[in-house]
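Residue numbers (numbering that gives the first Met the number 0), protein chains in the order written: chain A, 0 to 302; chain B, 0 to 287; chain C, 0 to 386.
Since the hints were made in silico from the structure, they are not lab data. Glycine included, every Cβ here is placed at the ideal spot set by N, Cα and C. Heads up, a few of these hints could be off.
[Said to hold, decoys possible] To give an idea of the interface, some chain A residues facing chain C are shown, with a C-beta separation under 7 angstroms as derived from the structure: (1) Leu20; (2) Gly123; (3) Gly126; (4) Asp189; (5) Ser220; (6) Asp222; (7) Gln266.
[As the list claims (entries may be wrong)] In silico DSS-like cross-links for lysine-lysine, where the CA-CA straight-line distance does not exceed 25 angstroms: (8) Lys373/C <-> Lys170/C; (9) Lys64/A <-> Lys124/C; (10) Lys64/A <-> Lys144/C; (11) Lys224/C <-> Lys170/C; (12) Lys251/C <-> Lys76/C; (13) Lys124/C <-> Lys323/C; (14) Lys166/C <-> Lys251/C; (15) Lys170/C <-> Lys222/C; (16) Lys64/A <-> Lys137/C.
Listed below, chain by chain, are the residues.
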Amino acid sequence: MCAIAVLMMPLVTHDGYVIQLLNIAMLNAIVVLGLNFATGWTGQINFGQAAFYGLGAYTTAIATKAGLPWISTPFLSILVVVAASIALGLPTLRLRTYYLAMTTIGFGEIVRLIIVHWEPVTGGTSGLRAIPGISLFGFGPQGQIQHYYLLIAVLAIAALVAARIRHSSLGRAMIATKDSEIAAEQSGVDTTRTKLLAFMIGAIYAGLAGCLYASSVRFISPDSFSGIQAVLLMTMLIVGGMGSIAGCIIGAVTLTLLPEALRFLGQWYLVLYGLGVIVVIVLAPGGLASIASEMRLRLASAR
Amino acid sequence: MGQLVVNGLSLGSIYALVALGLLLIFNTVQIVNFAQGQLLMLGAFIGISGAVTHELPVATAWIITAVAMAFVGIVFMVLVYFPLRGRPPFLVILTTIAMGIVLENLALIIWGPLPVSMPSPVHGAPLRFAGVVISMHQIFIFVTLAVVLLLQFLLLTKTRFGILMQATAQDLHTARLVGIPVNRTIAVAFAFGAILSGIAGLLVAPIFLAEPTMGGSLGLKGFVVSVIGGFGNMPGAVIGGLFLGLIETFGARYISSNFRDAYAFIVMIAVLVAWPRGLFGEKSSEKV
Amino acid sequence: MLQNSFKNVVLGAAVVCLSSGVARESKADVASCASPIPFGLTTALTGNLALLGIQARNGVEFAVDEINASGGIAGKKLVLTTEDTGASSTDALNAMNRIIEGKPLIIFGSMISPHVFAQTEGVNKSETPFLVGATNAKVTAQGSKWLFRTHVHDGQLADLIPEYLVKSLGKTKPGIMAVADDYGLGASRGIQAALAKLNATPAAVTSYAPSDKDMSAQLLEIKDKGADSLILFGRPADVTLVIKQMNDLGIKLTTIGNASMVAQTTLTNLSAAEADGGYAIGGMIPQTSPDTKILDWAKRVQEKYKVPADNFTVSYYDTVYMLKSIIEKVGCDKPAIRDALAATKSWKGMLIDYQADAQGDLAHTLGIYRNKGKTPELTGPIKENGF
Numbered sequence: 000m001c002a003i004a005v006l007m008m009p010l011v012t013h014d015g016y017v018i019q020l021l022n023i024a025m026l027n028a029i030v031v032l033g034l035n036f037a038t039g040w041t042g043q044i045n046f047g048q049a050a051f052y053g054l055g056a057y058t059t060a061i062a063t064k065a066g067l068p069w070i071s072t073p074f075l076s077i078l079v080v081v082a083a084s085i086a087l088g089l090p091t092l093r094l095r096t097y098y099l100a101m102t103t104i105g106f107g108e109i110v111r112l113i114i115v116h117w118e119p120v121t122g123g124t125s126g127l128r129a130i131p132g133i134s135l136f137g138f139g140p141q142g143q144i145q146h147y148y149l150l151i152a153v154l155a156i157a158a159l160v161a162a163r164i165r166h167s168s169l170g171r172a173m174i175a176t177k178d179s180e181i182a183a184e185q186s187g188v189d190t191t192r193t194k195l196l197a198f199m200i201g202a203i204y205a206g207l208a209g210c211l212y213a214s215s216v217r218f219i220s221p222d223s224f225s226g227i228q229a230v231l232l233m234t235m236l237i238v239g240g241m242g243s244i245a246g247c248i249i250g251a252v253t254l255t256l257l258p259e260a261l262r263f264l265g266q267w268y269l270v271l272y273g274l275g276v277i278v279v280i281v282l283a284p285g286g287l288a289s290i291a292s293e294m295r296l297r298l299a300s301a302r
Numbered sequence: 000m001g002q003l004v005v006n007g008l009s010l011g012s013i014y015a016l017v018a019l020g021l022l023l024i025f026n027t028v029q030i031v032n033f034a035q036g037q038l039l040m041l042g043a044f045i046g047i048s049g050a051v052t053h054e055l056p057v058a059t060a061w062i063i064t065a066v067a068m069a070f071v072g073i074v075f076m077v078l079v080y081f082p083l084r085g086r087p088p089f090l091v092i093l094t095t096i097a098m099g100i101v102l103e104n105l106a107l108i109i110w111g112p113l114p115v116s117m118p119s120p121v122h123g124a125p126l127r128f129a130g131v132v133i134s135m136h137q138i139f140i141f142v143t144l145a146v147v148l149l150l151q152f153l154l155l156t157k158t159r160f161g162i163l164m165q166a167t168a169q170d171l172h173t174a175r176l177v178g179i180p181v182n183r184t185i186a187v188a189f190a191f192g193a194i195l196s197g198i199a200g201l202l203v204a205p206i207f208l209a210e211p212t213m214g215g216s217l218g219l220k221g222f223v224v225s226v227i228g229g230f231g232n233m234p235g236a237v238i239g240g241l242f243l244g245l246i247e248t249f250g251a252r253y254i255s256s257n258f259r260d261a262y263a264f265i266v267m268i269a270v271l272v273a274w275p276r277g278l279f280g281e282k283s284s285e286k287v
Numbered sequence: 000m001l002q003n004s005f006k007n008v009v010l011g012a013a014v015v016c017l018s019s020g021v022a023r024e025s026k027a028d029v030a031s032c033a034s035p036i037p038f039g040l041t042t043a044l045t046g047n048l049a050l051l052g053i054q055a056r057n058g059v060e061f062a063v064d065e066i067n068a069s070g071g072i073a074g075k076k077l078v079l080t081t082e083d084t085g086a087s088s089t090d091a092l093n094a095m096n097r098i099i100e101g102k103p104l105i106i107f108g109s110m111i112s113p114h115v116f117a118q119t120e121g122v123n124k125s126e127t128p129f130l131v132g133a134t135n136a137k138v139t140a141q142g143s144k145w146l147f148r149t150h151v152h153d154g155q156l157a158d159l160i161p162e163y164l165v166k167s168l169g170k171t172k173p174g175i176m177a178v179a180d181d182y183g184l185g186a187s188r189g190i191q192a193a194l195a196k197l198n199a200t201p202a203a204v205t206s207y208a209p210s211d212k213d214m215s216a217q218l219l220e221i222k223d224k225g226a227d228s229l230i231l232f233g234r235p236a237d238v239t240l241v242i243k244q245m246n247d248l249g250i251k252l253t254t255i256g257n258a259s260m261v262a263q264t265t266l267t268n269l270s271a272a273e274a275d276g277g278y279a280i281g282g283m284i285p286q287t288s289p290d291t292k293i294l295d296w297a298k299r300v301q302e303k304y305k306v307p308a309d310n311f312t313v314s315y316y317d318t319v320y321m322l323k324s325i326i327e328k329v330g331c332d333k334p335a336i337r338d339a340l341a342a343t344k345s346w347k348g349m350l351i352d353y354q355a356d357a358q359g360d361l362a363h364t365l366g367i368y369r370n371k372g373k374t375p376e377l378t379g380p381i382k383e384n385g386f
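Build the full structure now, drawing on both the sequences and the hints.
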């Protein structure tokens, strides 16, 4: 039923603004799904997810503006983010919580600085505009509504893949690593490999989302992939429900739409946002997803 | 080049003070407070409210700020530490980050975005020798750092209370079982941690001016220093801070000013790769 | 069911007929403008660019309120819808989409170039005149026929500052310091290119992050490499620090920069000795005008918004009045307004005249300023080459 509502959305709202907002929300959801692998399931804090998002976007933009066919960009993006995730993952595998957090923050900052100062290639702080859109054999989605359906499909695939991984041995290894690395090692789990894979898969999700972002919004600049964005992605994961696939999507959509709806609050918006995150963490650490499933349970038992 | 050393060290002293505040809290409750930079900012603005808006003598403003920051620290503890006891560190990190966002934006609403200055507690012409200029305020920064270190060392090792704090840090549960007033020591840790950052803010305002977003970058450097020095280690924090100040300044001068912020992270990552527990190692348990 | 759809078709046709009739009528007649007349504005009201972004809101809103207080345009009031772009271009895009929803007659963009770049395509599609203060030289090179810029830009500064430095001040080996955002780095590149054309080589090219507090390393590099002057491109908050630190280090260099050198926000935090002697070339500011009416205007703006008016406030204020006079002539027809903007030959604003060039730039007069103690003095206006 939910699915029908989602698919009917463009017919109801028509306008560009809400649809574009939803498109961005769905892209965020894919990134957050990626973040969930490393952070939600494997317990590895990752403040570098926004950097992977940006790397995917910039790789795509630079490639298509240089004349490469669009079909190459998802592959190029994956290549770049996998390399970057290995570069980030290898030194950090031995690190614990706070050190890991700081390292991923540092990674994100270094990537951002490179983008800002490598002006001939990345356009620097002005960003890159007039990025060519998605084009396969001459066909591509035109307008926000067609992108909307494309993104729904991509998001659905991303969620399905995530679910499959969750129920695979890799997924179990991830959860085991999060709960206790020592116990996991003793049960035969290669925690090093698991952590690295979690990083990589998460980075691939973000990189592909970045590819789609560049090809649909068609303008990118470093400020969309900054450290603040990394924090926002984290809060989407937490507020939505860490470890839950539905939670990732709920969190991403909620925290993409909410700021827009509450813009009238002006400066107070960020104050309330911060307080809201704290309240959710303290009162409902399972996020909105856990609240939703609890409500469903109560409704079910009430009948 | 001597000038670079002086400026690097005075900047590093600020970083060290932020790190010391972080460490005090971490050592007691195993929480890294990602809002430490915003506490620095609060200290600066409270000081300015006293010294500039209400035209009190600077020394009085400092005392008022210290008292206010102690209060802020305790409120912080109530809002952040108590509700999140026992929760995974990851959630605590996010909570403190969220607190930082709240504080920064409240400051923007209260004090506005324009940068404001504050007079230094010391006056006088700068010292000049061998082509190097040292301002009275920079000397004051070094002296303050030394005094803080000494006081903290004395407090932790020579006073009964300090020893209680160390016991609490080592093993909270046992400490409680043994009858140590654990909550009180935690409150003191938060209070002093906040005061330390507040002092850093008071030191920063006269030279770097105060504006609500000043906490982000300074706080971040403070964390980097804590990581480099190894959590749980006071001398590590100070040496790490001074070291970072020098690296940033020399790096900006001789390598490239564009990547100044990156040097901090590159050094940090390099140190961590070689010593996963920081240069001087942590004292505390596996949990981190 | 067939009856229903038939009715719908007739109704639809009627609506189309009526609206096209109305559209035809509104073309040259301000009397048939919608009432109130809708203006839209996006700018940074929160985030780290807010200090800059609010000047756009202040300028536009002050003018709109003034016009409404004196009866509006041909008796119709203006209504201004403002959306906050925040700090990220993605948010700026969303803000613009919201504005476009409301179908405004005119859209104002901010002076933050990455945001304007992100928004231009959307505005083009809505076919609405887009008035911006964004200073990156390439903003008007996007080929948008709807975009007009009413503030001087970095391309002009990049040419004029080196020229003035070399030819009028006689300094040929400047050190360059620029804030590492779009504003500073864009200007820095242009300045380096212009210096090359003048056969002057910079002694050192440095930058600093917007949040940096200690710029002594950059200053020392510039001094060590034997610079005879300093070109400083930043925001008032960081320019203040650079000048302070320059003084603390005992570095004495002729300093020239953008309007931040003479901004009230900068001068408030400097001593007279520190500020004295600094040069600026940039958009003209109201505080140096000999005209008491302009000084009074600046005071009233500061009283209302608690921040001093700057060159952007003036430019946005002027733009609203310019549009008022255009609407009075051609009515509320967006293409007609666009054409009138493009055909502007000489419209007298508060401090400068506006004239449209082929790319959509209307501001070609800048001011040369010099600080006398903490007070900026206008040395004179300077025009872009070719105007």
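Here is what the structure says about each hint:
no.	hint	verdict
1	Leu20	holds, 6 angstroms
2	Gly123	holds, 6 angstroms
3	Gly126	holds, 5 angstroms
4	Asp189	violated, 38 angstroms
5	Ser220	holds, 4 angstroms
6	Asp222	holds, 5 angstroms
7	Gln266	holds, 6 angstroms
8	Lys373/C <-> Lys170/C	holds, 24 angstroms
9	Lys64/A <-> Lys124/C	holds, 22 angstroms
10	Lys64/A <-> Lys144/C	holds, 23 angstroms
11	Lys224/C <-> Lys170/C	holds, 15 angstroms
12	Lys251/C <-> Lys76/C	violated, 54 angstroms
13	Lys124/C <-> Lys323/C	holds, 24 angstroms
14	Lys166/C <-> Lys251/C	holds, 20 angstroms
15	Lys170/C <-> Lys222/C	holds, 14 angstroms
16	Lys64/A <-> Lys137/C	holds, 17 angstroms
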